[in-house]
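A.B. asks: Chain by chain, the residues:
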Amino acid sequence: MAVCVGIIGKDNSPKFFTCLNPAEELNFQYKVLSALDVVEEKLNCGSKGATDLRELYLGMLYTLETHKIYGYVTNTKIKFIIVVDSTNMALRDNEIRSMFRKIHSEYADIVCNPFYIPGEPICSKSFTGSIKNIMTGTV
Amino acid sequence: MAEETLFEVLHSEIINYVLQNGESRNKDGKDEDLSTIEYIGFSTGYRLIERLTKEMPRFKDELDTMKFICTDFWSAVYKKQIDNLRTNHQGIYVLQDNAFRFLTKISNGKQYLEAAPRYVSFTCGIIRGCLANLNIFCLVTAEVQNMPSCKFHIQVQRT
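These protein sequence lines are chains B and H, in that order.
The UniProt record's numbering numbers the first residue of the first sequence as 1 and each following residue consecutively.
The UniProt record's numbering numbers the first residue of the second sequence as 1 and each following residue consecutively.
Hints are computed from structural coordinates only; laboratory data are not their basis.
One should not assume that every hint holds.
Stated by the list, open to error - Computed cross-link-like contacts, SDA-like style, restricted to lysine to any residue with a CA-CA straight-line distance of at most 20 Å:
id, chain 1, residue 1, chain 2, residue 2
1, B, Lys77, H, Leu63
2, B, Lys42, H, Arg58
3, B, Lys77, H, Met56
4, B, Lys77, H, Ala132
5, H, Lys60, B, Tyr57
6, B, Lys15, H, Arg47
7, H, Lys60, B, Ile78
8, B, Lys10, H, Gln157
9, H, Lys54, B, Phe16
10, B, Lys10, H, Phe59
11, B, Lys102, H, Glu55
12, B, Lys10, H, Ile136
13, B, Lys77, H, Ser43
14, H, Lys54, B, Asn113
15, B, Lys77, H, Glu55
16, B, Lys77, H, Lys67
17, B, Lys68, B, Leu33
18, H, Lys67, B, Glu55
19, B, Lys102, H, Arg47
20, B, Lys77, H, Glu62
21, B, Lys10, H, Cys138
22, H, Lys80, H, His153
23, H, Lys54, B, Ser105
24, B, Lys10, H, Met56
25, B, Lys102, H, Leu52
26, B, Lys10, H, Thr44
27, B, Lys42, H, Pro57
28, B, Lys77, H, Arg47
29, H, Lys54, H, Asp64
30, H, Lys54, B, Tyr57
31, H, Lys54, B, Glu95
32, H, Lys54, B, Cys112
33, H, Lys60, B, Glu55
34, H, Lys54, B, Phe127
35, H, Lys54, B, Arg101
36, H, Lys54, B, Leu43
37, B, Lys10, H, Ser43
Please read these numbers as outputs of a predicted model, since none were measured by experiment.
Starting from the given sequences, assemble the full structure and let the hints guide the process.
C.D. replies: What follows is the structure, given as structure tokens:
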């Protein structure tokens, strides 16, 4: 179970943000946005020939006392960030990976929606609903 | 099988619609305005590529991306692969399709050669849209010499 999901656009501007506890949202925004530096670093050293970095999933970006932060970057340079509670030992790498896959499918669906203009912040209710379901693991 | 026909019919109907709309505005016999069709292609490609690259590993470089366009992308949209890809390694790519899907239904002779640009501009837009979303900004033009075969010239803009 993740506590927060963020989607960051090509130009590093936030497109979508949701967390379980709305009171902590600002706090999580700082954490997610500071993770972008690590994402950048990982992407840049990928060009030096490391083979496993061709995967879209970047793995754990960094840990804080209370949270772990995972990242995923699509081919179109859209970044997905998941924040997980450090005390939560039940979530393994594979589950995080499949969570990211589901978020990616949802994102591909919303981009193909003719009412969504690419590059705008996402404010669709059904999208928020399905991301919440992915976060809590009810799908 | 059925959905392939639907796509072709929809495509040619969009072209008819756009040309009819353009005709009423543009009566002085200039070249047909195909930019609307190109733009429809652009936004289609821009959105479509997000879905098509979902299962793909990250692209290494520009050439890798072009190869993806020639193989996976082309088979997804046109049910075949590009027959020939050429590049000068300086940002110019030429994609040749010997039996382009939208032209195979038209007579092979010279009769309808001047109508060919209508049927390739949507594809030019799709390619441009895909590459734009993959952060490669380019100009795409098409060239039809013998009827069902078609060449797409991609000129990458470097800043």
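A.B. asks: Now, for every hint given, state plainly whether the structure supports it.
C.D. replies: Results for each hint:
1. B:Lys77 x H:Leu63: holds, 18 Å
2. B:Lys42 x H:Arg58: Satisfied, since the Cα-Cα distance of roughly 13 Å is no more than 20 Å.
3. B:Lys77 x H:Met56: holds, 13 Å
4. B:Lys77 x H:Ala132: Holds: Lys77 (chain B) and Ala132 (chain H) sit about 11 Å apart, inside 20 Å.
5. H:Lys60 x B:Tyr57: holds, 15 Å
6. B:Lys15 x H:Arg47: The hint holds at about 16 Å.
7. H:Lys60 x B:Ile78: Distance ~16 Å between Lys60 (chain H) and Ile78 (chain B) Cα, so the pair holds.
8. B:Lys10 x H:Gln157: Status holds; Cα separation ~19 Å.
9. H:Lys54 x B:Phe16: holds, 19 Å
10. B:Lys10 x H:Phe59: Answer holds: Lys10 (chain B) to Phe59 (chain H) is near 16 Å, not above 20 Å.
11. B:Lys102 x H:Glu55: Within the cut-off at roughly 12 Å; holds.
12. B:Lys10 x H:Ile136: Cα-Cα ~13 Å, so holds.
13. B:Lys77 x H:Ser43: With Cα atoms ~17 Å apart, Lys77 (chain B) and Ser43 (chain H) stay inside 20 Å; holds.
14. H:Lys54 x B:Asn113: Distance of about 16 Å is within 20 Å: holds.
15. B:Lys77 x H:Glu55: Roughly 14 Å between the alpha carbons, so the hint for Lys77 (chain B) and Glu55 (chain H) holds.
16. B:Lys77 x H:Lys67: Within the cut-off at roughly 19 Å; holds.
17. B:Lys68 x B:Leu33: holds, 14 Å
18. H:Lys67 x B:Glu55: holds, 18 Å
19. B:Lys102 x H:Arg47: Distance of about 18 Å is within 20 Å: holds.
20. B:Lys77 x H:Glu62: Given pair Lys77 (chain B), Glu62 (chain H) holds - Cα atoms ~14 Å apart, limit 20 Å.
21. B:Lys10 x H:Cys138: At roughly 18 Å apart (the allowed maximum being 20 Å), Cys138 (chain H) and Lys10 (chain B) satisfy the hint.
22. H:Lys80 x H:His153: At roughly 19 Å apart (the allowed maximum being 20 Å), His153 (chain H) and Lys80 (chain H) satisfy the hint.
23. H:Lys54 x B:Ser105: Roughly 8 Å separates the two Cα atoms, so the pair holds.
24. B:Lys10 x H:Met56: Holds. Lys10 (chain B) to Met56 (chain H) sits at ~18 Å (cutoff 20 Å).
25. B:Lys102 x H:Leu52: holds, 15 Å
26. B:Lys10 x H:Thr44: holds, 19 Å
27. B:Lys42 x H:Pro57: holds, 15 Å
28. B:Lys77 x H:Arg47: Measuring from Cα to Cα gives roughly 14 Å; hence the hint holds.
29. H:Lys54 x H:Asp64: holds, 16 Å
30. H:Lys54 x B:Tyr57: holds, 11 Å
31. H:Lys54 x B:Glu95: holds, 18 Å
32. H:Lys54 x B:Cys112: Given that 20 Å is the threshold and the Cα spacing comes to 13 Å, the pair holds.
33. H:Lys60 x B:Glu55: Given that 20 Å is the threshold and the Cα spacing comes to 11 Å, the pair holds.
34. H:Lys54 x B:Phe127: Cα-Cα ~18 Å, so holds.
35. H:Lys54 x B:Arg101: Holds, at about 8 Å.
36. H:Lys54 x B:Leu43: Within the cut-off at roughly 17 Å; holds.
37. B:Lys10 x H:Ser43: The hint holds at about 17 Å.
Checked against the numbered hints given earlier, this structure breaks none of them.
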